[in-house]
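Participant: Next come the chains, spelled out residue by residue.
There are 2 protein chains.
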Amino acid sequence: MSRFAPLQNDVFLRALQRESTPYTPIWLMRQAGRYLPEYNATRKRAGSFLNLCKNPELACEVTLQPLERFPLDAAILFSDILTVPDAMGLGLYFAEGEGPKFERPVRDEAAVRQLAVPDIGTDLRYVTDAVTTIREALGGRVPLIGFSGSPWTLACYMVEGGGSDDFRTVKTMLYKRPDLMHAILDVTTKAVTQYLNAQIEAGAQTVMIFDSWGGALADGAFQKFSLAYTKRVLAGLKLEAEHRPGERVRVPSIVFTKGGGLWLEEISGAGCDAVGVDWTVNLANARARVGERVALQGNLDPNALFAEPAQIQGEVAKILESFGLPENGVGHVFNLGHGISQYTPPDSVSVLVEAVHEYSRRQRKA
Amino acid sequence: MSRFAPLQNDVFLRALQRESTPYTPIWLMRQAGRYLPEYNATRKRAGSFLNLCKNPELACEVTLQPLERFPLDAAILFSDILTVPDAMGLGLYFAEGEGPKFERPVRDEAAVRQLAVPDIGTDLRYVTDAVTTIREALGGRVPLIGFSGSPWTLACYMVEGGGSDDFRTVKTMLYKRPDLMHAILDVTTKAVTQYLNAQIEAGAQTVMIFDSWGGALADGAFQKFSLAYTKRVLAGLKLEAEHRPGERVRVPSIVFTKGGGLWLEEISGAGCDAVGVDWTVNLANARARVGERVALQGNLDPNALFAEPAQIQGEVAKILESFGLPENGVGHVFNLGHGISQYTPPDSVSVLVEAVHEYSRRQRKA
Numbered sequence: 001m002s003r004f005a006p007l008q009n010d011v012f013l014r015a016l017q018r019e020s021t022p023y024t025p026i027w028l029m030r031q032a033g034r035y036l037p038e039y040n041a042t043r044k045r046a047g048s049f050l051n052l053c054k055n056p057e058l059a060c061e062v063t064l065q066p067l068e069r070f071p072l073d074a075a076i077l078f079s080d081i082l083t084v085p086d087a088m089g090l091g092l093y094f095a096e097g098e099g100p101k102f103e104r105p106v107r108d109e110a111a112v113r114q115l116a117v118p119d120i121g122t123d124l125r126y127v128t129d130a131v132t133t134i135r136e137a138l139g140g141r142v143p144l145i146g147f148s149g150s151p152w153t154l155a156c157y158m159v160e161g162g163g164s165d166d167f168r169t170v171k172t173m174l175y176k177r178p179d180l181m182h183a184i185l186d187v188t189t190k191a192v193t194q195y196l197n198a199q200i201e202a203g204a205q206t207v208m209i210f211d212s213w214g215g216a217l218a219d220g221a222f223q224k225f226s227l228a229y230t231k232r233v234l235a236g237l238k239l240e241a242e243h244r245p246g247e248r249v250r251v252p253s254i255v256f257t258k259g260g261g262l263w264l265e266e267i268s269g270a271g272c273d274a275v276g277v278d279w280t281v282n283l284a285n286a287r288a289r290v291g292e293r294v295a296l297q298g299n300l301d302p303n304a305l306f307a308e309p310a311q312i313q314g315e316v317a318k319i320l321e322s323f324g325l326p327e328n329g330v331g332h333v334f335n336l337g338h339g340i341s342q343y344t345p346p347d348s349v350s351v352l353v354e355a356v357h358e359y360s361r362r363q364r365k366a
Numbered sequence: 001m002s003r004f005a006p007l008q009n010d011v012f013l014r015a016l017q018r019e020s021t022p023y024t025p026i027w028l029m030r031q032a033g034r035y036l037p038e039y040n041a042t043r044k045r046a047g048s049f050l051n052l053c054k055n056p057e058l059a060c061e062v063t064l065q066p067l068e069r070f071p072l073d074a075a076i077l078f079s080d081i082l083t084v085p086d087a088m089g090l091g092l093y094f095a096e097g098e099g100p101k102f103e104r105p106v107r108d109e110a111a112v113r114q115l116a117v118p119d120i121g122t123d124l125r126y127v128t129d130a131v132t133t134i135r136e137a138l139g140g141r142v143p144l145i146g147f148s149g150s151p152w153t154l155a156c157y158m159v160e161g162g163g164s165d166d167f168r169t170v171k172t173m174l175y176k177r178p179d180l181m182h183a184i185l186d187v188t189t190k191a192v193t194q195y196l197n198a199q200i201e202a203g204a205q206t207v208m209i210f211d212s213w214g215g216a217l218a219d220g221a222f223q224k225f226s227l228a229y230t231k232r233v234l235a236g237l238k239l240e241a242e243h244r245p246g247e248r249v250r251v252p253s254i255v256f257t258k259g260g261g262l263w264l265e266e267i268s269g270a271g272c273d274a275v276g277v278d279w280t281v282n283l284a285n286a287r288a289r290v291g292e293r294v295a296l297q298g299n300l301d302p303n304a305l306f307a308e309p310a311q312i313q314g315e316v317a318k319i320l321e322s323f324g325l326p327e328n329g330v331g332h333v334f335n336l337g338h339g340i341s342q343y344t345p346p347d348s349v350s351v352l353v354e355a356v357h358e359y360s361r362r363q364r365k366a
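Quick note, the sequences are listed as chains A and B, same order. Numbering of the first sequence is given in the numbering used here, commencing with residue 1 and proceeding in unit increments. Numbering of the second sequence is given in the numbering used here, commencing with residue 1 and proceeding in unit increments.
Be a bit skeptical, because a hint or two may be false.
For identical chains, the list gives no copy identity; a pair is met inside one copy or between any two copies.
DSBU-like cross-link-like pairs, simulated, lysine-lysine; straight-line CA separation at most 35 Å [to be verified]:
(1) 365 x 101
(2) 44 x 176
(3) 224 x 238
(4) 318 x 231
(5) 231 x 365
(6) 44 x 318
(7) 176 x 365
What the hints contain is simulated information worked out from the structure, not anything from laboratory work.
Work the whole structure out from these sequences, hints included.
Facilitator: Listed below in structure tokens is the structure:
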């Protein structure tokens, strides 16, 4: 694996591990996306979103696009959250103007019994190839984040057959047939674990688990049907890599449960290095609650990027002040509290990134 | 006002005021709704949802329907959350298969400057007439709840012109033109205050403020743009009524912020008697956080009603045990954490109501 160039900017990795950093690093969820005209051009060339995900060269191209524009401190693999269930044979497709759908949702006992862990090395080879391609193309500029949906979040899509307002189908299964729910989660957990390990093997320097729908669960159900399985994934990860000969490095992990602010104590004890928080969370309170167990990642409302530059700078200052400056500002990665909106003016992102870097440098000097 | 019969079941009112009760009272958000065939029949007769809301006799009919089936401990005015902005002239309508919409959303300075508090006595007379009609028809069986959307929640609809996934339009205004946002909220707050006072005057025995979209706001913005205005409404309410000669009774108030679990301390200090909580909240933690300031209302996931009777009973027991039994079980009103689903089997509601009453009686005897 001597192909990977040495890392030039490790501020993101250091912040995740609560080491001191010269400034607060920033990256944005969905930073390679539709708000960038160059992304839309590549996507058009690809023919479809799925083609883009499944072509390592094109996935690499769009992954690097935001880094050309903005001095972001991390890159994130461009891929879809539903690659794993797709590889399980559920038939992922995107209806025009709608979200992701599955041709064969998992709704009854027979469908559940048929689920099996896919062969990551073949069925998801396009993802690990993309990871290696991107890592090489990055040339050590910033670290590369690999990711997966959490078992619960994947299960939501698998049972609902797509997005949902009320999660009626998957929650009916959860309440009525918890045995089936656990069976789905068990298979999915094994698949996600292998998938993330394969990404680490291929060159991912951080892994992030997106529990996008954990916050839809009731207290009690969240712990049993989401967090317990995220924990199992984390416990199964080989969070050390030898991406360059003789250089064993830790691969930090991040768990992001949208709407999970009430469960921060529990999530921070799940075995991850960092916890992502959405904009409803007060960072000062969050720090007090999680103590020194984990770093925090977040949490600007993406809609703040529709404001004027001075207003964006004001929101950045509020968040950085709220996190405060413990021991040289350790343990905060700036991000949005959710993916960036496709309607965001790219110039607002420039303002944001610069504001985070500048303000946090000043904080450290004060 | 001697027309109102004496109240026979005051368990709900007592629980809201943290007095001891022989069992835990229960009512359900949206209890008069599409899961009941008799509701659908009345709605069909009315011709449309809006006709149903605007006809006091029919609104009364559907309000009473769930009480005929289930021994619920409160009735709630059947009405729409958007009556106030409709009365402001925004032109409420319901597109088939879609949610509520406004013909004239409030999106620019000119539209904001035109907003005025409607004449509640005429423009919203159909609501206060419905309150009185229902109160008379109840004949004192259970108390009647009046309600309004919170200023912030109404403003979301007014600016977006309907529901929204990301609240991009209203949040753009919030971040970019906070002055306009505050101007909308100021007018809306005055209107909501007068509206709830008129409902109390007309016979409402409790008032509830639904802050359905408060949880969409970032920490900091919630306090400024939602809670501050809810507080102003509460401060302006005349929470005492003389519905029968010589008998002055307190009219308790409830605030429900969906997704507001992180802000319970602040909401419970807003001046209300009770705080509604959704299913993400752990009731034992919530009680520890709000102390003796307020009662709590909630918080079963409505999807639990798709389970089998024994499973529903199990979920009820978990919630009642989680709340615990402080001084004779004071201060808990059982409810769902959100409106009941239109797909709910009515028999599940029977199971739920009976389980809450029975289990909570047993708790008190243990």
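Participant: For every hint, state whether the structure bears it out.
Facilitator: Verification of the supplied hints:
When the C-alpha separation of residue 365 and residue 101 is checked against a cutoff of 35 Å, the pair qualifies neither within a copy, at 50 Å, nor between copies, at 51 Å. Taking identical chains as interchangeable, the C-alpha atoms of residue 44 and residue 176 lie at most 35 Å apart only when they sit on different chains, with a minimum of 33 Å there against 44 Å within one chain. In this assembly of identical chains, the alpha carbons of residue 224 and residue 238 lie at most 35 Å apart only when taken from the same copy (24 Å versus 45 Å across copies). Proximity of residue 318 and residue 231 under a CA criterion of 35 Å is satisfied in both settings, with 32 Å inside one chain copy and 24 Å between copies.
Taking the closest pair of Cα atoms, residue 231 and residue 365 never come within 35 Å of each other, the shortest separation being 38 Å inside a single copy and 40 Å across copies. Taking the shortest alpha-carbon separations for residue 44 and residue 318, neither the intra-copy value of 38 Å nor the inter-copy value of 52 Å comes in at or below 35 Å. Taking the shortest Cα distances, residue 176 and residue 365 sit within 35 Å of each other only across copies (30 Å), while inside one copy they are farther apart (57 Å).
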